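Peer 1: Residues per chain, in single letters:
2 protein chains.
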Amino acid sequence: MKGIDERPLNDILLPDYLKSRQALINEWLFRLIPDEKAFPPTIHKSMRYSLIAGGKRLRPILSIASSEAIGGDLETVLPFACAIEMIHTYSLIHDDLPAMDNDDLRRGRPTCHKVFGEGIAILTGDALLTHAFSILSRPELGGDVDPSTRLKVINELAFASGTEGMIGGQVLDLEAQNMSLDIEDLSTIHRLKTGALIRASVIIGALIGGAKEKEMNALSAFGQYLGLAFQITDDILDLESPQEISGKTQNSDITNNKATYPAILGIKASKKKAKEAADKAVAAIEPFNHQAEALRRIAYYTICRDR
Amino acid sequence: MKGIDERPLNDILLPDYLKSRQALINEWLFRLIPDEKAFPPTIHKSMRYSLIAGGKRLRPILSIASSEAIGGDLETVLPFACAIEMIHTYSLIHDDLPAMDNDDLRRGRPTCHKVFGEGIAILTGDALLTHAFSILSRPELGGDVDPSTRLKVINELAFASGTEGMIGGQVLDLEAQNMSLDIEDLSTIHRLKTGALIRASVIIGALIGGAKEKEMNALSAFGQYLGLAFQITDDILDLESPQEISGKTQNSDITNNKATYPAILGIKASKKKAKEAADKAVAAIEPFNHQAEALRRIAYYTICRDR
Numbered sequence: 100m101k102g103i104d105e106r107p108l109n110d111i112l113l114p115d116y117l118k119s120r121q122a123l124i125n126e127w128l129f130r131l132i133p134d135e136k137a138f139p140p141t142i143h144k145s146m147r148y149s150l151i152a153g154g155k156r157l158r159p160i161l162s163i164a165s166s167e168a169i170g171g172d173l174e175t176v177l178p179f180a181c182a183i184e185m186i187h188t189y190s191l192i193h194d195d196l197p198a199m200d201n202d203d204l205r206r207g208r209p210t211c212h213k214v215f216g217e218g219i220a221i222l223t224g225d226a227l228l229t230h231a232f233s234i235l236s237r238p239e240l241g242g243d244v245d246p247s248t249r250l251k252v253i254n255e256l257a258f259a260s261g262t263e264g265m266i267g268g269q270v271l272d273l274e275a276q277n278m279s280l281d282i283e284d285l286s287t288i289h290r291l292k293t294g295a296l297i298r299a300s301v302i303i304g305a306l307i308g309g310a311k312e313k314e315m316n317a318l319s320a321f322g323q324y325l326g327l328a329f330q331i332t333d334d335i336l337d338l339e340s341p342q343e344i345s346g347k348t349q350n351s352d353i354t355n356n357k358a359t360y361p362a363i364l365g366i367k368a369s370k371k372k373a374k375e376a377a378d379k380a381v382a383a384i385e386p387f388n389h390q391a392e393a394l395r396r397i398a399y400y401t402i403c404r405d406r
Numbered sequence: 100m101k102g103i104d105e106r107p108l109n110d111i112l113l114p115d116y117l118k119s120r121q122a123l124i125n126e127w128l129f130r131l132i133p134d135e136k137a138f139p140p141t142i143h144k145s146m147r148y149s150l151i152a153g154g155k156r157l158r159p160i161l162s163i164a165s166s167e168a169i170g171g172d173l174e175t176v177l178p179f180a181c182a183i184e185m186i187h188t189y190s191l192i193h194d195d196l197p198a199m200d201n202d203d204l205r206r207g208r209p210t211c212h213k214v215f216g217e218g219i220a221i222l223t224g225d226a227l228l229t230h231a232f233s234i235l236s237r238p239e240l241g242g243d244v245d246p247s248t249r250l251k252v253i254n255e256l257a258f259a260s261g262t263e264g265m266i267g268g269q270v271l272d273l274e275a276q277n278m279s280l281d282i283e284d285l286s287t288i289h290r291l292k293t294g295a296l297i298r299a300s301v302i303i304g305a306l307i308g309g310a311k312e313k314e315m316n317a318l319s320a321f322g323q324y325l326g327l328a329f330q331i332t333d334d335i336l337d338l339e340s341p342q343e344i345s346g347k348t349q350n351s352d353i354t355n356n357k358a359t360y361p362a363i364l365g366i367k368a369s370k371k372k373a374k375e376a377a378d379k380a381v382a383a384i385e386p387f388n389h390q391a392e393a394l395r396r397i398a399y400y401t402i403c404r405d406r
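Those protein sequences? They're chains A and S, same order as listed.
The first sequence begins at 100 in our numbering and counts up one residue at a time.
The second sequence begins at 100 in our numbering and counts up one residue at a time.
A hint or two may mislead.
Because identical chains cannot be distinguished in the list, a pair is counted as satisfied if it fits within a single copy or across any two copies.
[As the list claims (entries may be wrong)] Straight line, CA to CA, 30 Å or less: simulated DSBU-like cross-link-like pairs of lysine-lysine:
#, residue 1, residue 2
1, Lys118, Lys155
2, Lys251, Lys136
3, Lys357, Lys144
4, Lys311, Lys374
5, Lys155, Lys251
6, Lys136, Lys357
7, Lys357, Lys155
8, Lys371, Lys155
9, Lys313, Lys374
10, Lys311, Lys251
11, Lys213, Lys357
12, Lys155, Lys374
13, Lys379, Lys136
14, Lys251, Lys372
15, Lys370, Lys357
16, Lys379, Lys118
17, Lys213, Lys374
18, Lys136, Lys371
19, Lys370, Lys118
20, Lys136, Lys313
Read the hints as simulated data drawn from the structure, not as lab findings.
Values in this document were obtained by computation on a predicted structure and should not be read as measured data.
The whole structure should be built from the sequences, with the hints applied where relevant.
Peer 2: Have a look at this one:
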């Protein structure tokens, strides 16, 4: 992987660590998606358009950092990490559709259906979801990860993105528009809609890295708290961050009459709650050595980011 | 499996064979989908609504018959067969959406988006697709099929339903509306949109049944010709079969300005082409013994059915 800084976090700063992992993920994502000229070209163009937009690559970076935290190999975890980013991207494409959140902007660019039309956008989401499972089941990818572990990864990802995870959260979110929610309802929606896949990203990294039971429990708890910290911060950013930084329509939650943490708890209490969740995440992996430093710093980065 | 006739085809008539396998598939489909009361209920209700509508269950029956043709166990193949039916059902839900074919009727009942709204219909398709991969990766399902074979099944299904298969066909179909196609374009669309999943159903049954290389090649060829026979017949039925029998809006292809076999070749030549494809399918499995009798009769049933 020429020209990419592969040093672990201990030797470099977090922004450099994130930048180097993002570069690796971007390189692999494009290697794993059929070329734009592959038949039929429209769908491969739209898959690439949606993936290229970038974003933080938080989920695949979490898989990588989780695997690294227990001494896992960087190149082995990359295709699995990319499959998770494909699932995340598919969920954004479908979420942005007129029948769902009806968003025109995503990651600073027109959404998939704005560019390719609704029909192709629906199929692009379907294609990224399907392609993720194709990648997870290819023996030539992911080094010597044994078939049983691969099946565990597939099952974990299908569960986290299914009706008891991400899709379930989307359903609740759709049904909650224009309804008044209490903090418990809101937590449930977020735990399913966003938290489940973030937690699964950490768990999948742990599976690929060969985590023992105790390590797995600790990393799973880390992932759960991190998901919460992430979502509260997302709600705050929707209010506070101008469009040119967040890449999303500002106040879109308010426009869509969505319940958010700041709306229910206020900004100050929301920020405090996010900080507490990040603290708990870091506490869960307290016994880990310096290899888990990236995870620890990502936990605090999650609540300090500006987009 | 109480009360269900599990005798192989040789001892019973094809309609009884199909009926008994459909009953088994329906029983298993509902065992494999979370209960209607499971949280969040809306999505499990809509998944069940779309699956219960019935249909011929051709794809899962093909998996079962393909496995039986080489001596495979009936109960082992059932969860894999059901996963294929879930993928087929998801594709119908998304295909029926206003942004795609905009169909109000499917299998004689209002389509998913007509009952649950577009947002939930999109998520229901996503959920069935995701759930299929969840089922394929569960070690407690599918008897003692080894992890490597499971991964092959997942890869085969992801490929057949991806951009080089079913989704690719949907894209071409969407782009072909209001365009004039020649017979070669039409064959490509059908081979991808319908043929790939039908062929994969046969191949997956063969994988689960433990096919040797020669058997796999023969069954793969059978699946390919059968897919063609099926699709030509579907086009003919869209023209000839009244709505109360087909369960679909009659002449929907004409309304949508779609190219079809009868439109390009005429009815008579289309029927001849379907018959030739069925003959070739049967010829491909000529060396198989009496256990392949179900596959042979299904090939001819495919071109004689009325819906």
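Peer 1: Hint by hint, say whether it matches the structure.
Peer 2: Here is what the structure says about each hint:
no. : hint            : in the structure
1   : Lys118 x Lys155 : within (9 Å within a copy, 52 Å between copies)
2   : Lys251 x Lys136 : between (34 Å within a copy, 27 Å between copies)
3   : Lys357 x Lys144 : between (32 Å within a copy, 24 Å between copies)
4   : Lys311 x Lys374 : within (28 Å within a copy, 58 Å between copies)
5   : Lys155 x Lys251 : within (26 Å within a copy, 33 Å between copies)
6   : Lys136 x Lys357 : between (40 Å within a copy, 25 Å between copies)
7   : Lys357 x Lys155 : within (24 Å within a copy, 42 Å between copies)
8   : Lys371 x Lys155 : within (23 Å within a copy, 56 Å between copies)
9   : Lys313 x Lys374 : within (25 Å within a copy, 62 Å between copies)
10  : Lys311 x Lys251 : both (14 Å within a copy, 27 Å between copies)
11  : Lys213 x Lys357 : both (23 Å within a copy, 25 Å between copies)
12  : Lys155 x Lys374 : within (20 Å within a copy, 55 Å between copies)
13  : Lys379 x Lys136 : neither (47 Å within a copy, 33 Å between copies)
14  : Lys251 x Lys372 : neither (33 Å within a copy, 45 Å between copies)
15  : Lys370 x Lys357 : within (19 Å within a copy, 55 Å between copies)
16  : Lys379 x Lys118 : within (26 Å within a copy, 56 Å between copies)
17  : Lys213 x Lys374 : neither (37 Å within a copy, 44 Å between copies)
18  : Lys136 x Lys371 : neither (49 Å within a copy, 36 Å between copies)
19  : Lys370 x Lys118 : within (26 Å within a copy, 60 Å between copies)
20  : Lys136 x Lys313 : neither (47 Å within a copy, 34 Å between copies)
Taken one by one, the earlier hints fail for this structure at numbers 13, 14, 17, 18 and 20, listed in ascending order.
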